[in-house]
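> Just so you know, the protein sequences line up as chains A and B, in that order.
First residue of the first sequence: 15, per this note's numbering; consecutive thereafter.
First residue of the second sequence: 1147, per this note's numbering; consecutive thereafter.
Keep in mind the hints are simulated off the structure, nothing from the lab.
It is possible that part of the hints are untrue.
Which residues of chain A face chain B? A few of them, derived with a C-beta cut under 8 angstroms, are [to be verified]:
#1 Gly-226
#2 Tyr-228
#3 His-233
#4 Met-253
#5 Gly-319
#6 Val-323
Far from chain B, by Cβ distances over 10 angstroms, these chain A residues were calculated [what the hints assert, rightly or not]:
#7 Gly-23
#8 Gly-109
#9 Leu-169
All C-beta atoms in this analysis are idealised placements derived from N, C-alpha and C, irrespective of residue type, glycine included.
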Amino acid sequence: MRGWLRADGRKGIRNIVIVAYLVECAHHVARAIAERHDAGDVHLIGFSGCYPNAYAQRMMERLCCHPNVGAVLLVSLGCESFDRDGLLDVVCASGRPAELLVIQQAGGTRSTIAQGRAWVEGALADLATVPTVPVLPADLVVGTICGGSDGTSGLTANPAIGRAFDRLIAAGAAGIFEETGELIGCEGHMAARAVTPELGAEIVATVEKAAGYYTTLGHGSFAVGNADGGLTTQEEKSMGAYAKSGGSPISGLLKPGDLPPEGGLYLLDIVPDGDVRFGFPNIADNAEIVELIASGAQIILFSTGRGSVVGSAISPVIKVCANPETYRRLPDDMDIDAGRIMEGRADLDTVGVEIEALVHAVAGGAQTCSEALGHQEFILTYKSFTPAGPACLPRRVA
Amino acid sequence: MNHSRAALSSAECRWAGTGLAAEIAQARHVLLLDPADNVLLALADLPAGLCIRDGDTTIALIDAVPLGNKLARMPIAAGSKVIKHGAPIGSATRAIAAGALVHLHNLASDYLATPATERAR
């Protein structure tokens, strides 16, 4: 595996240019700049809101300074509330080439698109000359999520990802699992896996927070499609989803944008703190993927039974298909056929090893199905968090 | 609500671990995830009327049970817990006969409403 060493010591497995719109009003201009180029080299991200939000600001900082990102073009309308100069300062301080175009000052749509395209051309030429360095298993941060789950997800793909997580973490990588609302009912078991009792108590509290939050909203993360796939209740979905975490001790509890301080298994708390303010925590799977990436994930392992086809901007998404019939129906979209376990044609350990090998191949430059198909979904919405307490990362404090 | 949450918190959240593949390979139509479970998981689309083996017992399916769905392996009284993965996944909203599909029409979460539930009832 080879990649790109960044000034903060992290290594990227991709070396892309980000074009980021800072309000929906700049979205079209940013898209017109990005779509001119090879989809694999230039990715489009952005925040649509006009009103300031500390979470969105921090997420954009983390995403623009993600190790897979080599250069950043910011596109502002000019009158939105986003702190564009603050973001530009953070990206410049990270050592990356960066530019800010303000549409209202750059001559409008046509002129800004032309200037943006020219800047991206130059950035791509510069990035092509950056030397690569070896990437070791311990340099990897891998996130996992399940979406479009059905009754097979918890039997095949999720526990197979758990096996892959165990192997990756044993080799020094960091693994991040998430969605405390999908871990309702598992909090006691998770607390027992925490490296300190204080971290265990934080994990129980965060699941209780999620249960309270979703109760206020009237329902959990359970979607109608989950029921069509044979799952009936939130706690049933939780039991299957939890298997993605494998069997490693839980080393810490992160909030979106917090980086794992070292290798190990981490739980990402995606449910906002305080009163229910901005609606549903994550409106679709891609919002969770974006949070995993903001917390440093260079690769995402995505378990699906019903057949999600999404990818993501910034980090490649590996699709692990739980249901053998879905795999036969959507072969171009699925990277791993974990449904073989359902039919007795493979076991969990075999598929776990296969997933680990694919993680290494993708880190070495191999394209995932969703990358090859051009998927670069991206969602960032309003949220609010309070910083994680010292008990959440015990080893860093020690 | 508080009572059921406490009960779930204390339940060990288990999932199928080592040996799952062997269990799946041996079972023809259904999978028992944990000996404590009162439901079986369909490993294929199973038609109503099909007779399936559950240990030494034979169960005739009352309903069609699609792949990934659950069927009752014993009678489940209204209000009692449905157990899968060895842990409660909700409560029966009506009496469920052995061999019946267990889903939105007869099972509800002890934590959070399922969006499709009202439509299904």
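> Please name the hints from earlier in the document that this structure breaks, with their numbers sorted from lowest to highest.
1, 6, 9
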